[in-house]
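Start from the sequences and build out the full structure, keeping to the hints where you can.
Residue numbers (our numbering), protein chains in the order written: chain A, 1 to 457; chain B, 1 to 248.
Just so you know, the hints here were simulated from the structure itself, not pulled from any lab data. This one's a predicted model, so the numbers in the text were calculated from it and none came from an experiment. Don't take every hint at face value.
[To be verified] Dumping the calculated PhoX-like pairs for lysine-lysine here, alpha-carbon to alpha-carbon at most 20 Å:
#, chain 1, residue 1, chain 2, residue 2
1, B, K236, B, K248
2, B, K244, B, K217
3, A, K389, B, K244
4, A, K32, A, K237
5, A, K435, A, K350
6, B, K111, A, K294
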Amino acid sequence: MPLSFRLFSVGFSLVCFGVGLYALASGILGKKMKILPCLIYTIYYLLGNALILAGMVKAYMQADAYEYENVFNLLNGTIGNLLHSTVLALVLRRFLRTDFWQGLAASFLGNFIAYTANSVLQEATSYYSPIFGGMYLYTFITIFIPYLAVLPIAAIVVWILRKSSFYRYFSHLFSRRSWAAGTLLFSFLLMCVWQVLNWLYPDTEPGVGYSIFFFALIVAALFWVQFLAMYAAGQDKIRAQEETIAQNQAHMELLEELQQEIRAFRHDFANLFSGLTLQAQEGDLAGIQEFMRKTSSYFDEKLGQEIQQMDGLNHITLYPLRSLLTAKLADMRKREIHSALEVLYPVDSKVMMETEDLLRSLGILIDNAMEAAPQMAGTVRIVLLQEEKELYIAVSNNYDRAPELSALSQKGYTTKGKGRGTGLTSYRRIVSRCKGCVARTYLKDGYFVQELRLPAA
Amino acid sequence: MIPIYICDDEKPVADRLEHIISNQITILNGDMGPVREADTPERLLDLQTKDTIPAVYFLDIDFPGRMSGLELAQKLRLHDPRGFIVFITAHHDLAFETFRLRLEALDYIVKGDYNAMAVRVRECLTSIQQRLASEQPKHGRYCTIRLFDTIRHIPVETILYFEALGFKHTLCLHLDNELLEFNSSLEHFAEELGEDFWRCHRGFLVNRSRIRTVDLKCQAVILDNGTECPLSRRAKTEYNAQRKRDAK
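See the structure below:
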């Protein structure tokens, strides 16, 4: 056979494999196929593997290294594939904006599926194909068909994964660090299983049982991943529900308190009005005016705070943020810290900060304010103001002893003894990571004020 | 003289307030006036530019069909960052903390009883007088910092030092009683502020006039409020060379 034909068949098989890998990985992640990243990855895969093959051939020719072929294959199948998968994950992150680690795990799994399908077909075709006179037909059947078959198989697998919306469960597997590490390791091992088997038992005869075993392995592995993922999703759902229940409970408590106060208020008011009626009967105009002056602010003083808090909470449409604030307000009520929440306009989530970071930094600010507020008559005020170009957040508290601002910027500053001041440090890290954010800390009229301004996205 | 503006779309309220304020000014014998009324926000913005700043503004919280009091105050602040803003409201449950922190509003007055309003106005005007008296005319330099759409002018003598936080050009500016973190670079401020500031370390730019001592042994620059900034090797040699030159 001429060299050009050999080169062409190698190139063709690599292209098929590269496209298949890309399709599988993007299918596992539940993303649309895009032409450009697919093209880029395929070209990379072709060139990268060509280089590796060329290196191997050179090594064979220079030194009589045939006896190390198995080791070469093993290294290529593990380290080489790890490299290719990393590149694929980077491509996916760049063009489809997926998480790097999810992309990596998806590449591993894709590699495993494609490789299994390909090698089983290869073994089968070379075993069962009739002996032809021409070599071309033989290569066509044993190389072109198995590699070409990777594409329809990938298409079918992707279709099945899409139908079962596998990517949702898959992303749940990455919700915890330990699970993510486990998934990565598992998929990496799956990817390597073929290479290791080939290395250990190079001369296994392929057969129907053999291929059935490996297809069963694919199915079992996928089922296992799916099961784990569903379990993880269920756990997350339970946690979210628990959070909702806690939030509703806090809300109920607020309502109950409001009801108590309204009852007390009604009682007061009935008394006051009977006095007023008497005054009116007597025509005591000055007395009535005095009464009006005294009671005009009565209602606001009694119920204003609770009503304002509820109005404020209703203005926050970003659900986790509302949940956080409800919890903190309830906590403050329990610790008998006077609290105020002012949210004048609806707060939408469109800020240049990840929701998670926003929650963490606001949580740290409120916790700090709660800790720094004095035991007796402590007050914490929270202000959120949505403006056209920014979200303005301010948390302020009164204090017994004025905090030293110059010491505040030092790492691990706290008023509560050693090992407690980690909140501020991570707050500073979050703020400095967010582009365009402005954080301000100052003292004003007996209050310690922490301001955070986030640019709107 | 510090001009006083009243902006309320209800004519009776505005008139009553005008009466109270005029009376109080005479009682306090302050350097304030004249009192002007504007019935719409647009008119007030127009009036504001025709007289001196800082000024005192009594603003309604809401103008139905027009801009809100918050918006109006923000627009007024653009022209008069150090003016005094007092809100007029019908309710006690006004979200005043928002106005106090975001707009540095001074106080609020509840519409209604004449005497109660008079007491509140008097308190406001006295507090403004005190603030003006304590604020010595700042003849010093200002450092300008752009935050979002507004430009803040910070008197240079209140600056202790700038610190680079290392991530993506974040600076922390240490002032008397304030910390400010924002995106910028030390080079920018080193250039803008010139010789009055000293780059005592790669990540620190210190106000020379606030330095108490330079501790060569501990490699630290100690400021007049006791804060320590690190002193780099390079800055140390620079400092020693400068001293030698001065000795000659």
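Status of the hints after comparison with the structure:
The hinted pair formed by B/K236 and B/K248 meets the criterion: a straight-line CA distance of about 19 Å does not exceed 20 Å. For the hint linking B/K244 to B/K217, the alpha-carbon distance of about 18 Å falls within 20 Å, and the restraint holds. Only pairs whose Cα atoms come within 20 Å are accepted, and A/K389 paired with B/K244 is rejected, the gap being roughly 53 Å. Distance check on the hinted pair: A/K32 and A/K237 sit about 26 Å apart at the alpha-carbon level, beyond 20 Å; violated.
Pair hint A/K435 plus A/K350 holds up; C-alpha atoms about 14 Å apart against a cutoff of 20 Å. With a C-alpha separation of about 14 Å, the suggested pairing of B/K111 with A/K294 holds against the 20 Å cut-off.
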